[in-house]
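J.: For the record, the sequence lines run as chains A and B. Position one of the first sequence corresponds to residue 33 (our numbering), numbered consecutively onward. Position one of the second sequence corresponds to residue 33 (our numbering), numbered consecutively onward.
No lab work stands behind these hints, which were simulated from the structure alone. Please note: incorrect hints may appear among the correct ones.
Identical copies look the same in the list; a pair holds intra-copy or inter-copy alike.
In the DSSO-like style, the derived pairs of lysine-lysine whose C-alpha atoms are separated by at most 30 angstroms in a straight line are [unchecked claim]:
| no. | residue 1 | residue 2 |
| --- | --- | --- |
| 1 | LYS161 | LYS87 |
| 2 | LYS87 | LYS197 |
| 3 | LYS142 | LYS436 |
| 4 | LYS161 | LYS222 |
| 5 | LYS161 | LYS359 |
| 6 | LYS436 | LYS87 |
| 7 | LYS46 | LYS87 |
| 8 | LYS310 | LYS197 |
| 9 | LYS87 | LYS319 |
| 10 | LYS87 | LYS223 |
| 11 | LYS87 | LYS222 |
| 12 | LYS291 | LYS142 |
| 13 | LYS273 | LYS87 |
| 14 | LYS253 | LYS359 |
| 15 | LYS319 | LYS436 |
| 16 | LYS161 | LYS291 |
Values in this document were obtained by computation on a predicted structure and should not be read as measured data.
These are the residues of each chain, in order.
There are 2 protein chains.
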Amino acid sequence: MALIVQKYGGTSVKDLDRIRAVADRIAASHRAGDQVVVVVSARGGVTNRLIADAKALHPEPDDRELDVLLSIGEQETIALATIALHALGVPAVSRTGGQAGIFTDSVHTKARITEIRGGDVREQLEAGKVVIVAGFQGVDGHGFTTTLGRGGSDLSAIALAAALKADLCQIYTDVDGVYTADPRIVPDAKKIPEIIYEEMLELASLGSKVMQSRAVEFANKYNVPFEVRSSFNNNPGTIVKAETSTLEDVLVRGVACDKNQTKVVVSDIPDQPGAAAKVFRSLAEAKVNVDMIVQNVGRQGIANLTFTVPADDAYRADRAVNECLAKLGAGSVSRTDRIAKVSIVGVGMQSHSGVASLMFSTLAEHGINIQMISTSEIKISVAISLDQADDAVRVLHSAFELNK
Amino acid sequence: MALIVQKYGGTSVKDLDRIRAVADRIAASHRAGDQVVVVVSARGGVTNRLIADAKALHPEPDDRELDVLLSIGEQETIALATIALHALGVPAVSRTGGQAGIFTDSVHTKARITEIRGGDVREQLEAGKVVIVAGFQGVDGHGFTTTLGRGGSDLSAIALAAALKADLCQIYTDVDGVYTADPRIVPDAKKIPEIIYEEMLELASLGSKVMQSRAVEFANKYNVPFEVRSSFNNNPGTIVKAETSTLEDVLVRGVACDKNQTKVVVSDIPDQPGAAAKVFRSLAEAKVNVDMIVQNVGRQGIANLTFTVPADDAYRADRAVNECLAKLGAGSVSRTDRIAKVSIVGVGMQSHSGVASLMFSTLAEHGINIQMISTSEIKISVAISLDQADDAVRVLHSAFELNK
């Protein structure tokens, strides 16, 4: 008898038919003799509708009240899923995040988990019940409901799996698992059977939409192996864990692509201590997430700064830099939209040379111009023109033999 | 500075525009210097949609899970109303029923209030904030959310007003107050400026849709005066309290009509101890609400029983009685649909004779046949044909000079 934590996302519980299908799946695990804890998200679209209502009333709704509002999405799903299980004759009970003992700080809308006590979840499991827990939410020291931010339900599931010392944690979503590249771009992309946390983290932050990086970080920190799989079929998914058996053999695990980037070039700023820092401080104050950064020092102590930002932040970035330059009394800004960031990720590249060289020469052979490069121990990213992004993903996927 | 409890029903908070209008009204009270506690219902239609979803998954959804589900309706409204107040620059904070210290027993979907501690509502008021409380819900000894049944938000408001020793309790709804008769039937019906609890209770249980009787009972028990008024205009409403200044002058306060009745006649049952009891026990087991009852003993120890039930219960009543008669081995059942119950209500009739006589002669003069009669100290009800119901209301309204 295993203790399994299953998490179902918004697409998987979108309507009553999907909730029935999820109940069937949970019932199968329960009947196989396992103890099952289920974490559910709000029904697809509900959270966005609630946010839109709040913003229609106030451009910047109070975070505490937003949490009171947003937490109802998951509360609806736990009740409906529990009722659907009862219809199948499966004993089940729902718990809010707070009732499942998920304690957080009081930073509403992006609370951090401080402790997981598990509430009476273990008792309910011992009594033979499936326990359906509201994801995305917790409770703070005042007893007020908090939410964990985007992707918070994945975090709830992994944190509960850690607290309950679950044997297995399954993240059910609308994709089959993690692929070597986006199958819509690369038709012969392959599902990756096993991947380590660090690679998953890089893929998550590089544009792969499977999971938010926060949940993966938590899994890494507390060493919670989990499986990403589809709630629409019974295919095995991708196991994410600390080590994989194929670790030594694989140079590159996958190719990721983020098509939502804008490049900003700040030219002719004085090459003096603190000038670049001032630019980035004003970007931080404007809450712009800066991604890749390159700094060149040109002739006569004049520097150029180049960086990418998410396309949504482009206007704010532009304004923030212009205000900063006005204070510095020097420099100019130019923006290039339609930029893509293409990355290769693999823990194997730590111990192999020639990976960067193969990446750059492959792109060059196909006439793809590299505008910026950034690297970490286990990934190399390049900024290129958006028009060439799909081509780049395909030729890199092929060059690193990911279809084999 | 007064402490006011205001309650807004589902129609009053149906959409974002209506929530904005309610916020304007609350803001006006706050700016006038009053301390304001607001109890809100779920947005109109939300509770029914949630119940329909639950029943689509299970014909008899678990009551505890139903409460988890239904309570989100009010939780949505408290957050949205609070955010709307912020947009007007009014400091405000939301509280769930449990957070406002509304404690109940654990009888889910029809919990009874056991204690109201008020949570930190007083502190928030002292800090200058409007407190928006979720109606219809409380929390039981396990910390689980309960709901109070239909009309529960009225009860929440009156109970909070009692616990906080409020100076005023205003029940905002979609009608201007309590009328001497339904203005759609009697165009010259008059709004009643003041009415006593007992009369309001009778009107509530006799088909007037303004308020559920439970909240009025609570107000009566704890002597909480309240005002029923419209959230769509600024007209004064109806004050409901223990005594009215006009008590001695008014014989009949109003005419009520319930058009949703079926008459059931059980003929030829043995007139022996327990036969009628058996009939009514089977009706109770079938959860049929029996209303007016008449029993005649005929010749040779054979009795007839006549009673009315809500039309929705007619089929179940018929089946229950038939099963019971099969066991008794005697009797037969016949049903008359399209029955109305028309009632006159007034505490003044306790001390005046001739009220019943005037009622019956008025109906007779207009050719309206009385099929059944039932009376209490402050009301007389008659069952008549549905076709004559509106006529009956009009001629009684006029005979008792309620338009004056």
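J.: Checking each numbered hint in turn, tell me which of them this model violates, lowest number first.
T.: 2, 3, 4, 5, 6, 8, 10, 11, 13, 14, 15 and 16
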